[in-house]
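Under my numbering, the first residue of the sequence shown carries the number 12, and numbering increases by one thereafter.
Quick caveat, the hints were computed from the structure, so don't treat them as lab data. Do not rely on the hints blindly, as some may be mistaken.
What the hints assert, rightly or not - Quick list of the computed label-pair ranges, beta carbon to beta carbon:
1) 151 <-> 174: 15 to 23 Å
2) 22 <-> 128: 24 to 32 Å
3) 56 <-> 116: 25 to 33 Å
4) 67 <-> 186: 36 to 44 Å
5) 193 <-> 111: 29 to 37 Å
All values reported here derive from a predicted model rather than from experimental measurement. Quick reminder that beta carbons are idealized off the backbone N, C-alpha and C, glycines included.
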Amino acid sequence: MNEAEFPILGTEPIVVEFTNTLYGADRHDFLSTAASINHWFAQMSPSLASAEVFCRTAAESDRVRRLRDHVHKLFDAATTGAVPASEAVAVVNDFAAAAPPALTLAWSSDGTRRADWVGTAAGISAVLAKMATTAVELLTTPAMGEITRCSGPGCTLLFVRTHARRRFCHPSCGHRDRQARYYRRHHRGVGP
12 MNEAEFPILG TEPIVVEFTN TLYGADRHDF LSTAASINHW FAQMSPSLAS AEVFCRTAAE
72 SDRVRRLRDH VHKLFDAATT GAVPASEAVA VVNDFAAAAP PALTLAWSSD GTRRADWVGT
132 AAGISAVLAK MATTAVELLT TPAMGEITRC SGPGCTLLFV RTHARRRFCH PSCGHRDRQA
192 RYYRRHHRGV GP
């Protein structure tokens, strides 16, 4: 895969897709540069691809990868039943707290009053806070599904299992698994 071929499933919450940019047993980093981060955001959500969201500095790129890496640790722990390092929990909580929503009052000319929740941050900080918040929701809300690692041969992608029988991130992984089982059944003991 090259930079234009991110491991995107297209059906998962954006924070799961974000986490999957650290891919494979060798942990290939698809967000290794500011340009790749910007390209990923543009592919994932054109509405996020605005000048105030894109990474412009090495420090912003480091923040993006730091959140991704710690969410990845939390999701890994969730898939294995392990307890994650307290640092991973603290980092995700810090990112989520960086853009707390504020309750604002809207009062129209006809006297109608309404309360709205408005984010207090903008740009990359707001996007990262939303990612962290979504990660917390996924890890704590059973109704949203369970974070699971794909059972496909050689696949390390994470996905949200919303059905108990789902084992693969994508139908192609299920197909590869069936092919591998067929090959093992029909080629056992067959030598050259």
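Evaluated hints:
Separation of residue 151 from residue 174 is about 20 Å and conforms to the stated range, judged on CB atoms against 15 to 23 Å. At about 27 Å, the beta-carbon gap between residue 22 and residue 128 stays in the expected band of 24 to 32 Å. Take residue 56 and residue 116: their Cβ atoms lie about 30 Å apart, and the range 25 to 33 Å holds. Between residue 67 and residue 186 the Cβ separation comes to about 41 Å, which falls inside the hinted range of 36 to 44 Å.
Restraint check, residue 193 to residue 111: a C-beta distance of roughly 53 Å breaks the suggested window 29 to 37 Å.
Consistency with the previously given hints fails for number 5 only.
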